[in-house]
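Chemist: Dock chain one against chain two, each of which comes alone in its own frame, and use the hints as you go.
Now for the letters of each chain:
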Amino acid sequence: MAHLLLDSSIRLWVVLPIVFITFFVGVLRHYITQLIHNDKKVDLQQVSDSQVLLRSRILRENGKYLPKQSFAMRKHYFNNPETGFFKKVKRKVIPKNPMTDPSTLMDMMKGNLTNVLPMILIGGWINWAFSGFVTTKVPFPLTLRFKPMLQRGIELISLDASWVSSASWYFLNVFGLRSMYTLILGQDNAADQSRIMQDQMTGAAMAMPPDPNKAFKSEWESLEIVEHKWALENVEEELMQLQYKTTLF
Amino acid sequence: MSSISELYDVCWEEMRDKLRKWREENYRNSEQIVDVGEELINEHASKLGDDVWIIYEQVMIAALDCSRDDLAWSCLQELKRQFPDSHRVKRLAGMRLEALERYEDANKLYDSILQDDPTNTVTRKRKISILQAQGKSSEAIRELNEYLEQFVGDQEAWHELSELYINEHDYAKAAFCLEELMMTNPHNHLYCEQYAEVKYTQGGLENLELARKYFAQALKLNNRNMRALFGLYMSASHIAASPKVSAKVKKDNVKYAAWATSQISRAYQVRGTQECTLGVFPVRLEDSCHTLLMEPPLL
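Chains as they are written, first to last, in full-length UniProt numbering: chain V, 1 to 249; chain F, 1 to 299.
Bound conformation, chain F alone (with noise of 0.2 Å):
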C-alpha cells in the first residue's frame, strides 16, 4: 500500500499545510484527514513540533468518523499523556465513548466537566448531539431551547435547532431561528435562502409573499443562486395562481415570474446544454406565464 506521499508526491510540509487548511475551514472529509494524518503523524511526528498535539485532534475527530478507534485510541493516548488535565483532552475521550456508543459513560464524563466549568459551551453541545443520536429529537430541541436561552449568540446552535424543528415540521420555530442568522449575518444569502423556502413551504398568502422577497434578496446578495432564482418563480407564479389576489399584484407577480424565467433560460443556454428537454424546458415557462396573464380578472 503506497503512502499519500509517494501517490501524490508531495512533502510532509505540504501534507501539514493541507491538515492546517482543512482544520481552519472545517473541511469535514475525514477519509482524506485520516490517510494524510495518519501518515503525517507515523512518519514525520518529530518535525511537527508543536503542531503535532493539534494535528491529533483533527486526525483522532477524522477517525472517529471512519470507525477507525485503533487510531483514535493511540492519538487520545498521545494527548492524555501531554495534557492531563486539560477539559478539552476530556471532551475528545467523551466523543470516542459516543463513537462507541456508550451513551450513559460519555454523559457522566460530560457532566463532570460541567460541574467544573459551567461556561464550557462545547460539552454542553455534545450532550445535546448525545440525545440527537440516541433519537430523542423533543427532548434534544428543549436542551438546545434551554441552551441557548442562556448563550443567545451561538449561531451554530440556531442552525442547529433551525433543521431539528424543520425535521419536526414545526416551521413557524424554525422561521424563527433562521430569523436569529438572518440577523446576524445579513449579508449571507444562503440564510436568507433557507429562511424564504421554510416560508413557502408554511403556504398562505402572505407568507408565500415574504418568500418571494427574500428569494430576491438572496439573489441581490448572490445573483447566481440557482436555488433562489427557481424560488422566486415559484413564488410568484403560485401568488399569481391564487384566486384572492389582485389584479395590480397579480401582474406584478407574473412579471416578476417572467423576469425569473428569462434568467433561468439564460443560465441554461449560457451553460451550453443542447438537450431538446431541456431546450423546451424555458419556452413551457414562459408559455404557463402567458397564460396566467390571459386569466380573466377574478373579483
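Bound conformation, chain V alone (with noise of 0.2 Å):
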C-alpha cells in the first residue's frame, strides 16, 4: 500500500473549493426550478381513479376488519363481471408520446436544463482545472477496474486505485451533500440529485401510470384472490385474555 503526502495546499485549494462550489450551486439550482416551475395541471378523471384504485387497495389490506357481507358487497361492487367497476370502465387511453406533446417536452427540458447541464458543465471544468494530480483517497481498498474511471488525468499505472481525482471527488460531493440540503433547504428541496433521479426511474408517484386499464385489470386480479377473513372472529374472548394480564383502569 503506498502511503502518499499529499501537498496540504491540495486541501485549501481543491478539496474546499469543490465542496462549497458544489454546495452553492445546488442551492442555485433549487431556487432556479422554484423560479421557473410552473404548477403541474392535475386530470379530474386521473385523481378520481387513482383515489379508485387506492380503495381497493386498501379493502384488500384492511377488508378483514368489515363483516363479511360488507366486504362481499364492496368486492362485487368492484369485480362483478357484468356491472363491476374493474371490469366496466375502460379509459378512453391517448397514448401521451413525449416527443410530440408540448408541456411533457418543456418540462423535461427544464429538468435537464437545471440539472444535467450544471452537472455537466461544473464536471467539466473541475476535470479541465483541477487535473494532473491526486486529490484524495477513499477509505475502503478499490479494484483496477475503477482506476481509468476515478483517475482521469493520471497516468500512473502502479498507483494504487484508492486515489482518486478531482472529479471523482466532486461526483462524491453531489450525492453526498444530500442531507446538507435538507438541514438547509428543508425537505422536498429541487437541489436534491439522486431523488429526481429516483423519480426518473421509478415514473410518476401521484399521477396516474400512463395506461389506467392496465392498472385496473391487475387490482382486478390480485381483489379476484383476496379472501374474506374476519379478523373480529374471536374479539370478545381475545378482549378478555387481553385484560387478565393488564389492569383496566
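Do not rely on the hints blindly, as some may be mistaken.
As the list claims (entries may be wrong) - Straight line, CA to CA, 20 Å or less: simulated SDA-like cross-link-like pairs of lysine to any residue: (1) LYS75(V) with LEU148(F); (2) LYS68(V) with THR184(F); (3) LYS250(F) with VAL235(V); (4) LYS64(V) with LYS220(F); (5) LYS255(F) with ASN234(V); (6) LYS229(V) with GLU206(F); (7) LYS90(V) with GLN150(F); (8) LYS229(V) with LEU221(F); (9) LYS21(F) with GLN32(F); (10) LYS87(V) with VAL152(F); (11) LYS64(V) with PRO186(F); (12) LYS251(F) with MET240(V); (13) LYS250(F) with GLU233(V); (14) LYS125(F) with GLN45(V); (15) LYS75(V) with GLN150(F); (16) LYS68(V) with PRO186(F); (17) LYS248(F) with GLU237(V); (18) LYS173(F) with HIS76(V); (19) LYS173(F) with TYR77(V); (20) LYS248(F) with MET240(V); (21) LYS229(V) with LYS220(F); (22) LYS75(V) with PHE151(F); (23) LYS75(V) with THR184(F); (24) LYS220(F) with GLU237(V); (25) LYS75(V) with VAL152(F); (26) LYS220(F) with GLU233(V); (27) LYS125(F) with GLN51(V); (28) LYS255(F) with LEU232(V).
As the list claims (entries may be wrong) - Sample of chain F residues facing chain V (criterion: CB under 8 Å; computed from the structure): (29) THR119; (30) GLN150; (31) PHE151; (32) GLU179; (33) MET183; (34) LEU210; (35) LYS213; (36) ALA216; (37) LEU219; (38) LYS220; (39) TRP259.
What the hints contain is simulated information worked out from the structure, not anything from laboratory work. None of the values given here were measured: they were computed from a predicted structure. C-beta atoms are modelled at their ideal positions from N, C-alpha and C, and glycine is treated no differently.
Modeler: Put into C-alpha cells, the structure is as follows:
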C-alpha cells in the first residue's frame, strides 16, 4: 500500500473549493427550479381513478376488519363480471408521446437544463482546471477496474485505485451534500439530485400510470384472489384475555 | 382592556407557536384564536415575516366563527392585496359571504373557482356546507354522494355523510360510510365505536351481534373507552335477553355482560367516587346478570 503524502495546499485550494462550489451550485439550482417551475395541471379523471385504485388496495389490506357482508358488497362492486367497476370502466387512453406533447417536452427540457447541464458543465470545468494530480483517497480498497474512471488525468500504472482525482471528489460531493440540502433548504428541495434521478426511474408517483386500463386489470386480479378472513371472529375472548394480563383502569 | 400578553404573561413568539399548534391540530377554539391572533397581527405583524399570511387566514376563519366581520374583512383585504389571483383567497371571500348569509353570491364565487380548477375539493365541500346551512339536507346528501363518487378517498367527507345519514335516521347508509372510515383507519377506536352504536340502533339480532363485536374491538384498541364498555354491556345483555337465541349464545353473552360489569365497577372504584348511588349501581348490574342466568331456557 503506497503511503503518499499530499501537499496540504491541495486540501486548501482543491478539496474545500470543490465542496463550496458544489454546495452553492446546488442551492442556486434549487431556487432557479422554483422560479421556472409551473404547477402541473391535474386531470380530474386521473385523480378520481388513482383514488379508486387506492380504495381497492385498502379494501384488500384492511377488508378483514369489516363484516363479511360489507366486504362482499364492496368486492362485488369492483369485480362483478357485468357491472363491476374494474370490468365496466374502460378509459380512453391517449398514448402521450413524449416527443410531440408540448407540455411534457417543456418539463423535460427544464429538468435537463436545471439538473444535468450544470452537472456536466461544472464536472467538465473541474476536470480541466483540477487535473493532473491526486486529490484524495477513498477509505476502502478498490479494484483496478476503477482506475480509468476515477483517476482521469493521472497516468500512473502503479498507483493504488483508492487515490482519486478531483472529478470523482466532485461527484462524491454531489451525492453526499444531499443531507446538507435537507438541513438548509428544508425537505422536498429541488437541489436533491439523487431523488430526481430516482423519480425519473420509478416514473410518475402521484399521477396515474399512463395506462389506467392495465392498472384496473391488475387490481381486479389481486382483488379476485382475496378471501375475507374476519379479524373480529373471537374478539371478545381476546379482549378478556388481554384484560387479565393488564389492569384496565 | 388588558391584552393577552399581559394577562398571561407570554411573549409574541409563544403566541405565534400557540397559534401554530392550534392550526396543525385543527382546534376550533375560535374565540381564543381571535383574541391571540388579533393582538399578534396588530402589534407584531412585522416580526412575523412570512408566517403572517397563514395567521391572517387562521384568524379570519376564527373571526367568521365569532361573527367578528370587521376583523374578517381587514384580514381578507390584506390577503387580497398580497395574493390577488389566488383561489384560496377567493374561497375565503366566499366563506365570508356565507357567514353573512349571502348564499347566492357565495355560490357564484365558488362556481367561478370550480370553472377554473375542477379538482378543487375544498370549494366543492364549501358548496355542500352552504346547502347544509340552508337546511336542505337531502340535497346536501345528494351532492355529497356525487362528490364522493369522484373522490372516494376523502375521509372527512365520508364522516360528514355518515352524520347526515344519522340525522335522517338512514342507519344502513350511515353504517356503510363508517365502514369506509374503519377500512382506511383500522386502528381508530372511535370509528369502531361509532359503527357499533349505529348497528346497535338499527336493532335486530344480527346487528346486535355485530355491535357487540365492534364494541369489543374498540375496547381492544383502547381499553379506556367507557362508552364502548357500556355499549358492550348493553348489547350483550340485550342479546342474552332475547327469546330467540340458543342457550350457548345466551351463556356466552351473559359472561360478556358480567365481565363488562366488573370492568365498569372497577373503573368507578378506581375513579374514587364515594356516592352511594354509584356504589349501588355496579351491584345492581351484577344482580341483573345473575337473574338472566337464572332464567329457564326458552325452547
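Chemist: Does the closest beta carbon of chain V sit nearer than 8 Å to the beta carbon of PHE151(F)?
Modeler: holds (6 Å)
Chemist: Mind checking the alpha carbons of LYS90(V) and GLN150(F) for me, to see if they're no more than 20 Å apart?
Modeler: Holds, because 16 Å separates the two Cα atoms, which is no more than 20 Å.
Chemist: Could you check if GLN150(F) really has its C-beta closer than 8 Å to a C-beta on chain V?
Modeler: The hint holds - GLN150(F) has a Cβ within 8 Å of chain V, the shortest such distance being about 5 Å.
Chemist: With a cut-off of 20 Å on the C-alpha distance, tell me whether LYS87(V) and VAL152(F) pass.
Modeler: holds (18 Å)
Chemist: Does LYS220(F) lie within 20 Å of LYS64(V) when you go C-alpha to C-alpha?
Modeler: holds (16 Å)
Chemist: Against the 20 Å threshold, does the CA-CA distance of LYS255(F) and ASN234(V) hold or violate the hint?
Modeler: holds (14 Å)
Chemist: Holds or violated: LYS75(V) with PHE151(F), Cα cutoff 20 Å?
Modeler: At roughly 18 Å apart (the allowed maximum being 20 Å), PHE151(F) and LYS75(V) satisfy the hint.
Chemist: Are the Cα positions of LYS229(V) and LYS220(F) separated by 20 Å at most?
Modeler: Given pair LYS229(V), LYS220(F) holds - Cα atoms ~18 Å apart, limit 20 Å.
Chemist: Between LYS75(V) and VAL152(F), is the straight-line Cα distance small enough, at 20 Å or below?
Modeler: OK: LYS75(V) and VAL152(F) at ~15 Å, within 20 Å.
Chemist: Hint check: is the beta carbon of GLU179(F) less than 8 Å from a beta carbon of chain V?
Modeler: Constraint on GLU179(F) satisfied, holds at 5 Å.
Chemist: Is it true that the CA of LYS255(F) sits at most 20 Å from the CA of LEU232(V)?
Modeler: The given pair, whose Cα atoms are some 18 Å apart, holds under the 20 Å limit.
Chemist: Could you grab the alpha-carbon distance between LYS229(V) and LEU221(F) and see if it respects the 20 Å cut-off?
Modeler: holds (19 Å)
The structure shown violates none of the earlier numbered hints.
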